[in-house]
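Enquirer: So the sequences go chain by chain: A and B.
Be aware that the first sequence starts at 1, since it is given in my numbering, and climbs by one per residue.
Be aware that the second sequence starts at 1, since it is given in my numbering, and climbs by one per residue.
Keep in mind that the hints are not guaranteed to be accurate.
[As the list claims (entries may be wrong)] Negatives, chain B to chain A, calculated, CB over 10 Å:
id, residue
1, ILE70
2, ALA81
3, VAL201
4, GLY267
5, ARG290
6, PRO350
7, GLN397
8, LYS441
9, LYS455
10, GLY458
11, ALA459
12, LYS461
[What the hints assert, rightly or not] Derived DEER-like restraints, expressed as beta-carbon distance ranges:
id, chain 1, residue 1, chain 2, residue 2, range
13, B, ALA451, A, ASN57, 48 to 58 Å
14, A, ASN57, B, SER264, 47 to 57 Å
15, B, THR182, A, THR55, 54 to 64 Å
16, A, ASN57, B, TYR364, 47 to 57 Å
[Said to hold, decoys possible] Listed below are several chain B residues computed to face chain A (Cβ distance under 8 Å; list not exhaustive):
id, residue
17, MET1
18, SER2
19, THR29
20, GLY33
21, ALA74
22, VAL110
23, GLY224
24, ALA228
25, TYR232
26, LEU238
27, SER249
28, GLY250
Hints were generated in silico from the structure; no laboratory data involved.
Glycine included, every Cβ here is placed at the ideal spot set by N, Cα and C.
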Amino acid sequence: MSAVAIISIFTLAVFVGFEVVSKVSSTLHTPLMSGANAIHGVILVGAIIVADHSTTNLELGLAVGAIVLATINMVGGFVVTDRMLEMFKGKK
Amino acid sequence: MSRTIYDLIGLFAGVCFILALKGLSHPKTARRGNKIGALGATIAMLVVFFYANEGSSLPLNNLGWILGAIAVGALVGVPAARKVQMTQMPQLVALFNGVGGGAAALVAIVEYLHLGDTATTAEVIFTVFTVIVGCVSFSGSIITFMKLQELMTTRPVVFPGGRFVIAGTLVAVLGVAVWVVTALGTTPLLVLAGLSLLFGVLFVLPVGGADVPIVISLLNAFTGLTVAASGYVLDSVLLIIAGTLVGASGTILTRLMAEAMGRSLFGTLFGAFTAKPQDTSGVAEDRPVRSGSPDDVAILLNYARRVVIVPGFGLAVAQAQHTVRELADLMISKGIDVAYGIHPVAGRMPGHMNVLLAEANVPYDQLLEMDEVNPTFGQTDVAIVIGANDVVNPAAQNTPGCPIYGMPILEVSNAANVIFLKRSMRPGFAGIENELLYDPKTMLLFGDAKASLTKVVGALKAL
Chain A
1 MSAVAIISIF TLAVFVGFEV VSKVSSTLHT PLMSGANAIH GVILVGAIIV
51 ADHSTTNLEL GLAVGAIVLA TINMVGGFVV TDRMLEMFKG KK
Chain B
1 MSRTIYDLIG LFAGVCFILA LKGLSHPKTA RRGNKIGALG ATIAMLVVFF
51 YANEGSSLPL NNLGWILGAI AVGALVGVPA ARKVQMTQMP QLVALFNGVG
101 GGAAALVAIV EYLHLGDTAT TAEVIFTVFT VIVGCVSFSG SIITFMKLQE
151 LMTTRPVVFP GGRFVIAGTL VAVLGVAVWV VTALGTTPLL VLAGLSLLFG
201 VLFVLPVGGA DVPIVISLLN AFTGLTVAAS GYVLDSVLLI IAGTLVGASG
251 TILTRLMAEA MGRSLFGTLF GAFTAKPQDT SGVAEDRPVR SGSPDDVAIL
301 LNYARRVVIV PGFGLAVAQA QHTVRELADL MISKGIDVAY GIHPVAGRMP
351 GHMNVLLAEA NVPYDQLLEM DEVNPTFGQT DVAIVIGAND VVNPAAQNTP
401 GCPIYGMPIL EVSNAANVIF LKRSMRPGFA GIENELLYDP KTMLLFGDAK
451 ASLTKVVGAL KAL
């Protein structure tokens, strides 16, 4: 991918990121942080890619460690956010 | 699967993440937003198994290891998230953030080892960035976890010359970073990782307990940026989008949180180095306080017209949310006007109290935010402070130089009577003495919040 394309994607994503959370009540700060935290667990995708092309035991060992940690981040993150938000139900 | 389809599915997942963050910003759509995010992440993960990267073929190499590692991660993460107590959720989020940062650093290290001499300078620079920031996020989050779990002191840890040690470590990190980029060896990279871990610890140690949530949010944004940088090295549009989104929204969220606490980000991170030592802590210990019995409290409440309940972390620890609702309902049935005054950062995290009280089905319209409730304390007969301290501490308004100075507080001292339900005279999370405890109109009811409230409910029923 060209450098310009990557910089474009990055810049636009920065603005979208700023924009979507610019107005949020303090009630939702914690769940929002937790949800964003779960989203960066998608580094799991990166961990799987490097595990795929690992050639030495050292690389594979580190990659497997990365997969375990990333899965904890991603799966645990979404589950704990859901549990927080479960408490909000029934409120208008 | 062709590269085009793979990238388009990645884009779809990226859109899911945008919708997730958008949804999470509004109470009504929050839960759906989180589910959309989970959907996007799941799709992103599944699709990797059907696309062969350059020089690779399907099925993926080391498939057994990959699936096994995912299973282990899920077996650790899901029960932890399911079983955690409401009081411990902030720590768990910190821990999840830390392992995410650690994962990003490991991915960068593996890719670096794999690329060896073929890495371009740009790739090495992004790798170095990911290793530094990922390691800082990892070790920093572990320290925030230990602070919140009270495995170590919650007060700022400052040692003589601390700021020089931190500055020195940072210079060393940057120096080694240049070394890695020029020398391209495994050893420099491991030295870099080690120094970065150390820097993460030093960076978070001076942060006082009450500011820890802000730091977690900042480290969360950091981890997002490492994911974006990994996306560049691994040529993954999805990782760039997802990581940048989290980095940007996390930065804004960090600022919003700091604003809610009336803190500047700079003050949060470096306040401990500039704050003057407090002189109130030593003299305040021996002064008399007025402690009462549950019956005294019940009588006071029985003749009140308006009561404001101010919950804090102590309520969460005692799991007293149902009991406090019982008390509120009882007072309402006696014709007393009851409201909850919710400080934005009461508990260990913004919104902690709302979540806790919602669990006990407290009607939403009884929960008043700080700006709504503060002007009403003048007409309030009794303010009941349950396990809160720093968020009602007048020192935030009248003691310049104390760690919470400038933080907006709930002005309970304007109420005619103040009742504190406390476990002991121990100061709050920020470690500051509270003058209000010694005020003549304050009555203290010592004990576990749930036990105390149960007794008050019993006494009030008997009246």
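Enquirer: None of the hints should be skipped; say for each whether it holds.
Expert: Checked hints:
Some Cβ of chain A comes within 10 Å of the Cβ of ILE70/B; the nearest lies about 5 Å off, and the non-interface call is violated. Once the 10 Å rule is applied to beta carbons, ALA81/B is inconsistent with being away from chain A; the minimum gap is 4 Å. For VAL201/B, the non-interface assignment is confirmed: its Cβ lies about 18 Å from the closest Cβ of chain A, beyond the 10 Å cut-off. Every Cβ of chain A is farther than 10 Å from the Cβ of GLY267/B; the closest lies at roughly 18 Å, confirming the non-interface assignment.
Annotated as non-interface, ARG290/B keeps its C-beta farther than 10 Å from every C-beta of chain A; the closest such distance is 33 Å. With a cut of 10 Å on Cβ distances, PRO350/B falls inside the contact zone with chain A, its closest approach being about 4 Å. A cut-off of 10 Å between C-beta atoms confirms that GLN397/B is not in contact with chain A; the least separation is 20 Å. Annotated as non-interface, LYS441/B keeps its C-beta farther than 10 Å from every C-beta of chain A; the closest such distance is 29 Å.
With a closest Cβ-Cβ approach of about 27 Å to chain A, LYS455/B is found to remain outside the 10 Å limit, as its non-interface label requires. The beta carbon of GLY458/B is kept farther than 10 Å from every beta carbon of chain A, the shortest such distance being approximately 27 Å. For ALA459/B, the condition that its CB be more than 10 Å from all CB atoms of chain A holds, with the nearest at approximately 30 Å. Once the 10 Å rule is applied to beta carbons, LYS461/B is consistent with being away from chain A; the minimum gap is 27 Å.
In this structure the hint that ALA451/B and ASN57/A lie 48 to 58 Å apart at CB holds, the actual value being about 56 Å. For the pair ASN57/A and SER264/B, the beta carbons lie near 48 Å from each other, so the given range of 47 to 57 Å is met. A hinted range of 54 to 64 Å for the beta carbons of THR182/B and THR55/A is inconsistent with their spacing of about 25 Å. Against the hinted window of 47 to 57 Å, the Cβ-Cβ separation of ASN57/A and TYR364/B comes to about 56 Å, which satisfies the hint.
Taking 8 Å as the C-beta cut-off, the interface hint given for MET1/B is violated, the closest approach to chain A being about 14 Å. Annotation: interface hint on SER2/B violated; nearest CB of chain A at approximately 15 Å, more than 8 Å. Among the interface hints, the one on THR29/B is violated; its C-beta lies about 10 Å from the nearest C-beta in chain A, farther than the 8 Å criterion. Interface hint at GLY33/B: satisfied, since its Cβ lies 7 Å from the closest Cβ of chain A, which is below the 8 Å cut-off.
Hint status for ALA74/B: holds, given a least beta-carbon distance of 5 Å to chain A, under 8 Å. Nearest Cβ of chain A to the Cβ of VAL110/B: about 4 Å, under the 8 Å cut. The hint holds. Residue-level restraint check for GLY224/B holds (minimum Cβ-Cβ distance to chain A is 5 Å; threshold 8 Å). Given the 8 Å rule on beta carbons, the hint for ALA228/B holds: about 7 Å separates it from the nearest Cβ of chain A.
Given the 8 Å rule on beta carbons, the hint for TYR232/B holds: about 6 Å separates it from the nearest Cβ of chain A. Using the Cβ-Cβ criterion of 8 Å, the hint placing LEU238/B at the interface with chain A is satisfied: the shortest such distance is roughly 6 Å. At a threshold of 8 Å, the smallest CB-CB gap from SER249/B to chain A is about 4 Å, leaving the interface hint in force. Interface restraint check: GLY250/B against chain A, minimum CB-CB distance 6 Å, threshold 8 Å, status holds.
Violated hints for the displayed structure, listed by number in ascending order: 1, 2, 6, 15, 17, 18 and 19.
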